[in-house]
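Undergrad: Model the full structure from these sequences, guided by the hints.
Order-wise, the sequence lines are chains R and B. All letters in the first sequence, in the order written, are residues 1 to 221 by the working numbering. All letters in the second sequence, in the order written, are residues 1 to 221 by the working numbering.
It should be emphasised that the hints constitute simulated quantities derived from the structure, not laboratory data. Remember, predicted model here, so these are calculated numbers, not experimental data. Heads up, some of the hints might be wrong.
All copies of an identical chain are treated as equivalent in the list; a pair is satisfied when it fits inside any one copy or across any two copies.
Stated by the list, open to error - The calculated DSSO-like cross-link candidates involving lysine-lysine, where the alpha carbons are at most 30 Å apart (straight line), are: (1) K173 - K110; (2) K45 - K99; (3) K214 - K99; (4) K110 - K207; (5) K145 - K214; (6) K110 - K214; (7) K145 - K45; (8) K207 - K45; (9) K173 - K207; (10) K207 - K99; (11) K110 - K45; (12) K125 - K145; (13) K214 - K125; (14) K214 - K45; (15) K173 - K45.
2 protein chains.
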Amino acid sequence: MKIEQQHLSHSDLMAMEQRYRASLVNSLSGFKSVALIGTHSLSSKQTNLAIFNSLVHIGANPPYIGFISRPDQVERHTLQNILDTGYYTINHINESIYKQAHQTSARYTKDQSEFDATGLTPVYKENFEAPYVNESFIQLGVEFKEMVPLSINNTSLVIGRIVHVYFPSDCLKADGFIDPEQAQSITCSGLDSYHLTQRLARLSYAKPGTVATKIDENQNR
Amino acid sequence: MKIEQQHLSHSDLMAMEQRYRASLVNSLSGFKSVALIGTHSLSSKQTNLAIFNSLVHIGANPPYIGFISRPDQVERHTLQNILDTGYYTINHINESIYKQAHQTSARYTKDQSEFDATGLTPVYKENFEAPYVNESFIQLGVEFKEMVPLSINNTSLVIGRIVHVYFPSDCLKADGFIDPEQAQSITCSGLDSYHLTQRLARLSYAKPGTVATKIDENQNR
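TA: Structure (C-alpha cells):
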C-alpha cells in the first residue's frame with residue numbers, strides 16, 4: 001500500500017499560526033508519557049495538581065525521572081511548590097480519571113486546588129511531603145534533585161529521585177517490569193488526545209545475529 | 001474494586017539486582033515516545049540506526065525535540081554521528097517494523113549498519129544530510145542544536161530543531177494535530193514492551209468552571 005506523504009519544511013512550520021503550530025509540533029514526538037504531578041505549597045499546604053506530558057526516564061541507578069517545565073502560569077504553581085518543598089508525586093492516569101486529569105490544565109488561580117476543582121482525591125502516605133492522587137494506580141513519590149535550565153527556549157528539565165513506588169501487586173513481572181498496560185495506565189498524543197494501549201509483544205534482549213523473540217509472560221512469572 | 005497495592009522505598013530500589021532495577025525503573029514513566037534515529041558517519045557516510053525511547057517535546061516555537069543519550073556503546077555511534085554531521089532523522093515505528101526496530105538495540109560494531117542488519121531501508125530526501133527509514137510513516141529531519149550534559153548521572157539531553165516533517169496526508173487534522181494513531185505509530189513501555197493504541201477521545205481546551213468535551217474529529221476537519 002502506497003501512503004501519500006505530505007512534506008513540511010522548517011519555514012512552513014514557522015509560518016503557521018501559533019496554536020496550529022503548537023498542536024502540530026506536539027504531535028511529532030508520537031505517544032507520550034502522561035501523568036499528574038501533585039504538590040502542595042510550603043506555607044499553607046494548599047494542594048496543587050497538574051497534568052504533564054513530558055515525563056522522561058533519566059536513569060535507573062539511582063532511579064531518576066525528569067519532566068520539562070514550560071514558563072507558563074499553570075506549571076509555575078507546580079514548579080514553585082517543588083522548589084519550595086523539595087517533593088512531589090507523579091501519578092499515572094487511567095481511563096476513569098483522564099477527563100479530570102485533562103481538566104487540571106485549566107488556569108486555576110493559586111488559591112484554588114485542582115484536586116477540589118476536578119474531584120480527584122489527595123492522599124498522603126508514609127509521611128511523604130506531597131499528595132498522591134488516590135484514584136491513580138501507579139504512584140511515585142519523588143524528591144527534587146536538580147532544575148536544568150534549557151536556555152534554548154527558556155524551559156527547564158526538572159529531575160527528581162524516585163523514593164517511593166506504589167503499584168498494583170499483580171502488575172509486577174518476574175524480571176522487574178511493572179506492566180503499565182495491566183495497571184490501566186493510558187498514553188497521550190499531541191495536546192489533547194488520550195489513548196488506551198494494546199500490547200503487541202515484549203521482545204527479548206537484542207543481540208547481533210539473532211532474532212528477538214516474544215517474551216512469554218507466563219514463563220516469565 | 002479494591003486494588004491491592006505494593007510499596008517499594010528508595011532503599012528497596014537500590015538493593016535490587018541491576019537488570020531487575022533497570023527493568024522496573026524504566027516502567028515507571030509509563031508509555032513512552034519511541035522512534036528510530038538515523039544518522040551517518042562524517043567520513044564514510046556509513047549509515048547507523050538506533051531505537052530511542054526517551055524522546056521529549058521541548059518546544060513548538062521554534063520546533064525543538066529532545067532525547068536522552070546514555071553513555072553506552074550503542075548510542076555513542078548515534079551521538080558521535082550527530083555531533084560530527086550536525087543532522088539526524090527521527091522515524092516513528094509501526095507494527096510492521098517494530099521487531100526490526102527493537103533489533104537495532106543489539107550491539108553491532110561501528111562498521112556494521114543497523115539498516116543492513118535489520119533489513120530496514122535508508123532513504124535520503126530533499127538533500128538532507130541523514131538517512132530516513134523508508135518503512136516509517138512519520139519522519140522528521142532534525143538539525144542538532146545543543147547537547148545539555150546532565151551531570152547527575154552522566155547522561156545528556158540532545159536537543160534538535162525540526163527542519164523537515166513527512167507524514168501521511170490524511171492524518172493531518174484541521175487544527176494542526178497529526179494523528180499518530182491514524183499514522184499507525186506505536187508506543188512502548190519498560191525496556192522491551194511494544195503497544196498499539198486505541199483512542200479514548202480528544203478533549204477540548206480546558207477552562208476553569210467548564211467540563212472538557214470530546215472533540216468531534218469530523219467537525220474538526
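Undergrad: With reference to the structure, classify each hint as holding or not holding.
TA: Hints, one by one, checked against the model:
1. K173 - K110: neither (41 Å within a copy, 34 Å between copies)
2. K45 - K99: within (25 Å within a copy, 48 Å between copies)
3. K214 - K99: between (34 Å within a copy, 9 Å between copies)
4. K110 - K207: between (52 Å within a copy, 15 Å between copies)
5. K145 - K214: neither (37 Å within a copy, 38 Å between copies)
6. K110 - K214: Between copies only: 27 Å across chains, 49 Å inside a chain, cut-off 30 Å.
7. K145 - K45: Within one copy only: 21 Å inside a chain, 40 Å across chains, cut-off 30 Å.
8. K207 - K45: Between copies only: 24 Å across, 51 Å inside.
9. K173 - K207: within (22 Å within a copy, 40 Å between copies)
10. K207 - K99: between (42 Å within a copy, 12 Å between copies)
11. K110 - K45: Only inside one copy: K110 and K45 sit 12 Å apart there, 54 Å across copies, limit 30 Å.
12. K125 - K145: within (21 Å within a copy, 42 Å between copies)
13. K214 - K125: neither (38 Å within a copy, 34 Å between copies)
14. K214 - K45: neither (48 Å within a copy, 34 Å between copies)
15. K173 - K45: neither (37 Å within a copy, 42 Å between copies)
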